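Just so you know, the protein sequences line up as chains E and P, in that order.
Those letters in the first sequence? Residues 1 to 147, per my numbering, in order.
Those letters in the second sequence? Residues 1001 to 1170, per my numbering, in order.
No lab work stands behind these hints: they were computed from the structure.
The structure presented is a predicted model; accordingly, all values stated were derived computationally and were not measured.
Just to be clear, a hint being listed does not mean it is correct.
Claimed, not checked - One side of the interface only, derived from the structure: several residues of chain E facing chain P at Cβ under 10 Å:
| # | residue |
| --- | --- |
| 1 | Met1 |
| 2 | Phe40 |
| 3 | Glu63 |
| 4 | Gly83 |
Quick reminder that beta carbons are idealized off the backbone N, C-alpha and C, glycines included.
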Amino acid sequence: MQPVIAIAITTGVVLVAAVLGLVWRARTGRVRTTVADWTFAPGSLPGLDALAGGATLVLFSTEYCAQCPAALRLLSRLAQERGEVAPLEVDLTNDPDLAKRLGILQTPTVFVLDGDGRLAGRIGGSPRRDELVALLDALIPLPEWSV
Amino acid sequence: MASSATVPAAPRVDSRAPRWVGGFTFVLAVASLLLALLRPIEATLAGRVLSPEFVLVLVLWLSFGAGTFLGNGAHPFAWVYRKLVQPRLARPVPTEDARPPRFALAVGFSLTTIALVLHAAGVPFGLAAAAGFVVIASFLQAFVGYCLGCQIYLLLVRGGLIRPQVPIAA
């Protein structure tokens, strides 16, 4: 092959990787609120014994998810900072059918359930704290005295 | 709640190491891709197996194999990182679960196996195609911090291509 073409192809492959990386950086961790109209009752997910009054933050992880422990720490901190919010980790390692049913392609994935168990938001990748806080603010009305 | 957030028995790695290992891998993968594109494939098996692109991928294959089968720390690039890079970085050493990057090494081992087999069999640009995937994955690992190999795990399980292993200590 002509050296010029070989170098062009190699550069092209690296550029593809760079574009993939930029797209991933721009999209990862964003809160999506245009989501399927799903409602999760207690017992419908492993470990979901009860719904928190404000929001339940469900983290889907696997054994091989490097970012999941940090994501769970963020969710736990948010839950501590505000009442009525509870974190829950669901390990998909041995439950691929659940991943299929819920259309989960990557871990971490976070489902934000409102007080009635309705899916209010969905996050693919490590959650962006500010966007998640904004969704929680919208879901959980501030008490009168703090306005 | 938070059932397996901390698995005490899980091995851990310096969380900066996978990106450096990815960086070294990227350099070798780019070189083998370029050589595979530049050089016409040899007519004889001996010629193909002794070609520089084959030898470069063989080095990657052995490295991925060491990391996959003996543990992350046995990867020669991880050794280079420990000797040359880690002493210059800040302490304390941040750590993370060793299993996701080790799974990614297994993905790299599979890709380089395909590259070697295709090249030995005389398939034109077979090695280049497989090396291209290694270039993309190692670039994302090194420069973006995105572990493609780790992400592929869930897709493979979902597709029924691999069976989930028994959790190590859950």
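Verification of the supplied hints:
Against a cut-off of 10 Å between C-beta atoms, the interface hint on E:Met1 holds, since the closest Cβ of chain P lies about 5 Å away. The restraint placing E:Phe40 at the interface with chain P is violated, with a minimum CB-CB distance near 15 Å, outside the 10 Å limit. The interface hint given for E:Glu63 holds, since its Cβ lies 6 Å from the closest Cβ of chain P, which is under the 10 Å cut-off. A least Cβ separation of about 16 Å between E:Gly83 and chain P goes past the 10 Å threshold, and the interface hint is therefore violated.
Violated hints for the displayed structure, listed by number in ascending order: 2, 4.
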